[in-house]
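Asks: Listed here are the chains, written in short residue letters.
2 protein chains.
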Amino acid sequence: MITIALDVMGGDYAPAELVRGGIETARNHNVRMLLVGDPQAIAPIMQKHDLAMARVDVVPATQSLAMDEDPVQAVRSRPDASVTVANRLVRDGHADAAVTLGHTGAGLVSALFTLGRLPGIDRPAVGVPYLSIQPKTLLIDAGANVDVRPRHLLQFAAAGSAYMCAMHNIPRPTVGLLTNGTEDNKGGRVSRQAFDMLRQSKLNFVGNLEGLDLPRGTANVIVCDGLAGNIALKVSEGLTEVLLDRVATALRETLPADIAQELVMPLLRRLQTENSYAHVGAMPLLGVNGISLIGHGRSKAQAVIGAIGQARLAVENHLVEALQTELADVVGEENA
Amino acid sequence: MITIALDVMGGDYAPAELVRGGIETARNHNVRMLLVGDPQAIAPIMQKHDLAMARVDVVPATQSLAMDEDPVQAVRSRPDASVTVANRLVRDGHADAAVTLGHTGAGLVSALFTLGRLPGIDRPAVGVPYLSIQPKTLLIDAGANVDVRPRHLLQFAAAGSAYMCAMHNIPRPTVGLLTNGTEDNKGGRVSRQAFDMLRQSKLNFVGNLEGLDLPRGTANVIVCDGLAGNIALKVSEGLTEVLLDRVATALRETLPADIAQELVMPLLRRLQTENSYAHVGAMPLLGVNGISLIGHGRSKAQAVIGAIGQARLAVENHLVEALQTELADVVGEENA
Numbered sequence: 001m002i003t004i005a006l007d008v009m010g011g012d013y014a015p016a017e018l019v020r021g022g023i024e025t026a027r028n029h030n031v032r033m034l035l036v037g038d039p040q041a042i043a044p045i046m047q048k049h050d051l052a053m054a055r056v057d058v059v060p061a062t063q064s065l066a067m068d069e070d071p072v073q074a075v076r077s078r079p080d081a082s083v084t085v086a087n088r089l090v091r092d093g094h095a096d097a098a099v100t101l102g103h104t105g106a107g108l109v110s111a112l113f114t115l116g117r118l119p120g121i122d123r124p125a126v127g128v129p130y131l132s133i134q135p136k137t138l139l140i141d142a143g144a145n146v147d148v149r150p151r152h153l154l155q156f157a158a159a160g161s162a163y164m165c166a167m168h169n170i171p172r173p174t175v176g177l178l179t180n181g182t183e184d185n186k187g188g189r190v191s192r193q194a195f196d197m198l199r200q201s202k203l204n205f206v207g208n209l210e211g212l213d214l215p216r217g218t219a220n221v222i223v224c225d226g227l228a229g230n231i232a233l234k235v236s237e238g239l240t241e242v243l244l245d246r247v248a249t250a251l252r253e254t255l256p257a258d259i260a261q262e263l264v265m266p267l268l269r270r271l272q273t274e275n276s277y278a279h280v281g282a283m284p285l286l287g288v289n290g291i292s293l294i295g296h297g298r299s300k301a302q303a304v305i306g307a308i309g310q311a312r313l314a315v316e317n318h319l320v321e322a323l324q325t326e327l328a329d330v331v332g333e334e335n336a
Numbered sequence: 001m002i003t004i005a006l007d008v009m010g011g012d013y014a015p016a017e018l019v020r021g022g023i024e025t026a027r028n029h030n031v032r033m034l035l036v037g038d039p040q041a042i043a044p045i046m047q048k049h050d051l052a053m054a055r056v057d058v059v060p061a062t063q064s065l066a067m068d069e070d071p072v073q074a075v076r077s078r079p080d081a082s083v084t085v086a087n088r089l090v091r092d093g094h095a096d097a098a099v100t101l102g103h104t105g106a107g108l109v110s111a112l113f114t115l116g117r118l119p120g121i122d123r124p125a126v127g128v129p130y131l132s133i134q135p136k137t138l139l140i141d142a143g144a145n146v147d148v149r150p151r152h153l154l155q156f157a158a159a160g161s162a163y164m165c166a167m168h169n170i171p172r173p174t175v176g177l178l179t180n181g182t183e184d185n186k187g188g189r190v191s192r193q194a195f196d197m198l199r200q201s202k203l204n205f206v207g208n209l210e211g212l213d214l215p216r217g218t219a220n221v222i223v224c225d226g227l228a229g230n231i232a233l234k235v236s237e238g239l240t241e242v243l244l245d246r247v248a249t250a251l252r253e254t255l256p257a258d259i260a261q262e263l264v265m266p267l268l269r270r271l272q273t274e275n276s277y278a279h280v281g282a283m284p285l286l287g288v289n290g291i292s293l294i295g296h297g298r299s300k301a302q303a304v305i306g307a308i309g310q311a312r313l314a315v316e317n318h319l320v321e322a323l324q325t326e327l328a329d330v331v332g333e334e335n336a
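Line by line, the protein sequences give chains A and B. So the first sequence is numbered by our numbering: it starts at 1 and just counts up by one. So the second sequence is numbered by our numbering: it starts at 1 and just counts up by one.
With the rest of the complex left out, here is chain A:
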């Protein structure tokens, strides 16, 4: 049976929605949940739920982190923060995966400090599927690493490739480098050096890609630094919001009221939800020595259940072993 440690103190709806999501997962799946946080805050919420058949345990954590803190300082100064306790349960073999939905930066730092890095990785990265528009296209790095060197981009590519292979069963994922055009000499100094390293690597590298290729899903893994990746994802989320809103307004003015209300609006709302970041649930931090997922702070119980589901998939697909193999194969020689 898989055991998952859930940091129930992080996120906008903590702890109630997180406890609820944890309990529902334990009731409906063959998963043991460790709810990590303040027992006095968790107990009254647990009493409201039916715990029969649910394997749920509370692991006390006496500290927690605030959203506006500096991640490194916050994680260093509070070793008993709930997110760090969750990661420690993974490190010490008491849990197969840790999930946090709070402070993204603190989640990254806590996982990195607690679990350590895999050989061949200088900087762990977060990959995110390109919303529901292209679920088989992973954008990596999505925001963890802003200033990068060429070899970091190669490492992100290897990690993303291992992820798409292990989690989506794609044998040789195609990998593209995101720049300002598709010609070989596009991009800046860092991109151009990374291009050469990617071309010489064992990865299934298809060359430079441009912004259009992300929504078109031209490759399975699209690599860039965390600044460009974060901008691309958030522009996409914002544009989806604004564009579907414009469509809704225009259709309301054009169509008979009942058709607009009953047929069109639910459809647009569904597209909106599917293409929001929150829908992704949570994504594993790729490159740490253990499974640790970071999700959207705005997650309610349903999104928490999705996040835990992602953690289960990562455990079942032996994500860490897949990463180790790919990293040894692709960047092993560079680091030797």
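Hints are computed from structural coordinates only; laboratory data are not their basis. Ideal Cβ placement from N, Cα and C applies to all residues, glycine included. Worth double-checking, as some hints may not be accurate.
Which chain A residues face chain B? A few, computed with CB under 7 Å, are given here [to be verified]:
(1) 167
(2) 216
(3) 227
(4) 267
Simulated restraints, written as ranges between beta carbons of each label pair [as the list claims (entries may be wrong)]:
(5) B:136 x A:30: 49 to 57 Å
(6) A:77 x B:69: 56 to 64 Å
(7) A:93 x B:254: 50 to 58 Å
(8) A:250 x B:50: 35 to 43 Å
(9) A:250 x B:76: 45 to 53 Å
(10) B:117 x A:149: 25 to 33 Å
(11) A:2 x B:170: 53 to 61 Å
Starting from the known structure of chain A, arrange chain B on it as the hints suggest.
Replies: Okay, now just chain B, sitting in the frame of chain A:
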């Protein structure tokens, strides 16, 4: 009367659609058009059009540039290329503005080499309005400068601010810096230094912005390097395409066929067109000593007319003088 030099040899539909757009502008507006290119290619097209009342002259250029050439080499080795002849007409006072719709890189290099830079600008930049979604939000740089230093971002901000003030009559345009979050310490090394310079400048700086702010139009000028800017714009163009396509498919399956066909599809097609890059027409290169606009290679006559219209607005609004004043005010001391 305004005189505009149009490079009719550049772009996917050159020279026919460009000549047509030039003639139509001259016929309908108080503009004299100089069509720059190969007279033997232009003459037969002109014969097909009604030239009564149209002030159109042909200025011969014996060379032209291909799309796959290295811009610097191509521009240097062919001083009589149509784009360079057009820019030279501006430099020498024979035209008020030059417009090219061909090779973007060559257009930039040609304008820079021929017209020179304004004081206070190290690197001219291209600003592009955020499609029709937020026409009063200018993204600068949109792709001309990939590797930048903090002071370049300050210069882009000043240039963008002058542009929005002169062209959109916004007295003190708000300026934001595009990074991976809205907190003061977001972004990479370059962004953080630029943040301090922007905060100390005379610009109406509102702080760091994230990707969501571009479609939401949070500021009048959103500053970033050309790599992030190009990615943001092309991701947006691609997502608009894919998302409206998904909406169309879903609505076709949901709505009665006649309503879908007659009411919904024209509306979605209009949103598609309005939000494509091509709709922008052309944008002036900000920071060169003269008005030189670069447009989309896929422009047909209607887009060419739009591009020339942008050039007229830039001339009428004294864009170069506005830039000179703002640059002296904002970056004058830095450069002194």
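Asks: Return the numbers of the hints above that this structure violates; sort them in rising order.
Replies: Violated hint: only 1; rest satisfied.
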